[in-house]
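Dock chain B against chain A, hints included.
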Amino acid sequence: GAGVSQTPSNKVTEKGKYVELRCDPISGHTALYWYRQSLGQGPEFLIYFQGTGAADDSGLPNDRFFAVRPEGSVSTLKIQRTERGDSAVYLCASSPQVNTEAFFGQGTRLTVV
Amino acid sequence: AQSVSQHNHHVILSEAASLELGCNYSYGGTVNLFWYVQYPGQHLQLLLKYFSGDPLVKGIKGFEAEFIKSKFSFNLRKPSVQWSDTAEYFCAVSGNTGKLIFGQGTTLQVKP
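Line by line, the protein sequences give chains A and B.
Taken in order, the first sequence gives residues 2 to 114; the numbers are from the numbering used here.
Taken in order, the second sequence gives residues 526 to 637; the numbers are from the numbering used here.
With the rest of the complex left out, here is chain A (with noise of 0.2 Å):
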């Protein structure tokens, strides 16, 4: 497809477990971002990338958090030992360049029980 593309749409995993969801970005689109929206809130930002490198890791919330863009295209965002309060949407957002335009995709609801 054209837009960027999440999977899987909706995870559920238990307290303690690991995951790993990814971002297909537009082709050709060199930023990538990683973002999570909790309930009544807006999204706030965890990571980005330009290229192949974290240009900004600054929002990742604590060492159980890592996102890796080996190739430059997709992006995998893996959390360790899950807590109940990770629990929200995850959204991926790629631009053609850093600064410009940012397309989203539908996000993956994690739901940690």
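It should be emphasised that the hints constitute simulated quantities derived from the structure, not laboratory data.
Built from N, CA and C at the ideal position, the CB exists for glycine as well.
Accuracy of the hints is not assured; some may be wrong.
[As the list claims (entries may be wrong)] Some, not all, of what chain B presents toward chain A, calculated at C-beta under 10 Å:
id, residue
1, 529
2, 563
3, 566
4, 569
5, 570
6, 576
7, 617
8, 622
9, 626
10, 629
[Stated by the list, open to error] Derived DEER-like restraints, expressed as beta-carbon distance ranges:
id, chain 1, residue 1, chain 2, residue 2, range
11, A, 73, B, 604, 32 to 38 Å
12, A, 85, B, 622, 29 to 35 Å
13, A, 23, B, 527, 25 to 31 Å
14, B, 578, A, 67, 35 to 41 Å
Quick look at chain B alone, frame taken from chain A:
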């Protein structure tokens, strides 16, 4: 600290009423300003953006916003809303990295 404040959390209007949603920001340096919309069950979509130039910006579906630098504001307006405008609206600001700082959103409900 960088932040965005949206004054209205939940707005209810009748069709054909005029809309204005407030947005104020706190951000050091050059800013780019955005309004995103999220229709029920859909992903975030860009309504309009301001990078530079004319502070009155026109977007899709008849929306417009005015950047008032002295007031740190970027309010969204539409002269006549439709039932299909029912959605959640987010104001956002970015600097030169494209990293977006969002407000908490305004839920707009338009009654037919």
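So, going through the hints one by one against the coordinates:
| no. | hint | verdict |
| --- | --- | --- |
| 1 | 529 | 8 Å, holds |
| 2 | 563 | 9 Å, holds |
| 3 | 566 | 9 Å, holds |
| 4 | 569 | 4 Å, holds |
| 5 | 570 | 8 Å, holds |
| 6 | 576 | 8 Å, holds |
| 7 | 617 | 8 Å, holds |
| 8 | 622 | 6 Å, holds |
| 9 | 626 | 7 Å, holds |
| 10 | 629 | 5 Å, holds |
| 11 | A:73 x B:604: 32 to 38 Å | 44 Å, violated |
| 12 | A:85 x B:622: 29 to 35 Å | 31 Å, holds |
| 13 | A:23 x B:527: 25 to 31 Å | 29 Å, holds |
| 14 | B:578 x A:67: 35 to 41 Å | 40 Å, holds |
Going through the hint list in order, the structure does not satisfy hint 11, though it satisfies all others.
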